[in-house]
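Using the working numbering, you'd call the opening residue of the sequence shown number 1 and step up by one each time.
Simulated from the structure, these hints should not be mistaken for laboratory data.
Since this is a predicted model, take the numbers as computed values, not measurements.
Some hints here could point you the wrong way.
Claimed, not checked - Here are the computed distance ranges between Cβ atoms for each label pair:
id: 1; residue 1: R147; residue 2: E231; range: 13 to 23 Å
id: 2; residue 1: G172; residue 2: E58; range: 49 to 59 Å
id: 3; residue 1: G172; residue 2: E231; range: 34 to 44 Å
id: 4; residue 1: G169; residue 2: R132; range: 49 to 59 Å
Each residue gets a CB set at the ideal place from its N, CA and C atoms; glycine is no exception.
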Amino acid sequence: MESMEIPIIFEDSEIVVIDKPSGIVCNRAETITEPTLQDWWDGRYKIPNHKFSNSQIEDEKYFVERSGLVHRLDRETSGVMVMAKTTDAFVSLLKQFKQHSVQKVYMALTHGYWDAKEGQIDLPIARRRDDRKKFGVREDGRESVTRYEVLTEYNNWEFPKELKVDDRGYVGFTLVEFKPRTGRTHQIRVHAKQMGHPIVGDFDYAGRKRSREDRKWAHRVLLQAQKIEFEHPRNGKRIHFESNNAELNEVMKYLKSV
């Protein structure tokens, strides 16, 4: 799967940092028939699946099983990801994610205007009982904490006539920076919805009618993993990387700030 176009931001003997495009699934599954990021990784790096040492056999098996994928992004979410090329790097990065020492910054365009321009959302998340593919806030859910800060508010927009967008339901948009302290599935999307400001283009959490209008000009969930910071597995030096994906800016060209 080397033919997949995956921009590489940084690479050395231990890690690879990529700028994942929107539309690519990270992990293989029985229900996934299209090429995945995991397929691309296996094709490019060809990690051997044998020669396990006795002392690290479980770590190495897990490393090979995951094909170096330490974490993942949703199919439509773009942005920075770090991947491991060795077992030691894989274990080190997993530990950092588990200890919440990896700092991640996401950018998202959300519906409406936020009353509090910055704050912390601390609401537990679990799978929904009525739809196991989706998540929601539940008292019995896992701890989920997200810091946020409003960056720009938009109260004027001009969509091309050929898009035929029915904007009567739009009251405004806000560009928000999210910093999740935990890493639950769909965490930012669920927290944004719970605050009354779902992410533009999110079919699962923004409502079907509104999402259909969004998709006429957005074409995807407007969520991007913008920055990531962690300790290099070999030398412990703190390093950070940022996405160069301009797609979020491209779709925001229709909007004008307050």
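Against the structure, the hints come out as follows:
Taken as a hint, the range 13 to 23 Å holds for the pair R147 and E231, whose Cβ atoms sit roughly 21 Å apart. At roughly 51 Å, the beta carbons of G172 and E58 sit within the given window of 49 to 59 Å. Judged by the Cβ atoms, the range 34 to 44 Å given for G172 and E231 holds: they are separated by roughly 40 Å. With their beta carbons about 29 Å apart, G169 and R132 fall outside the hinted range of 49 to 59 Å.
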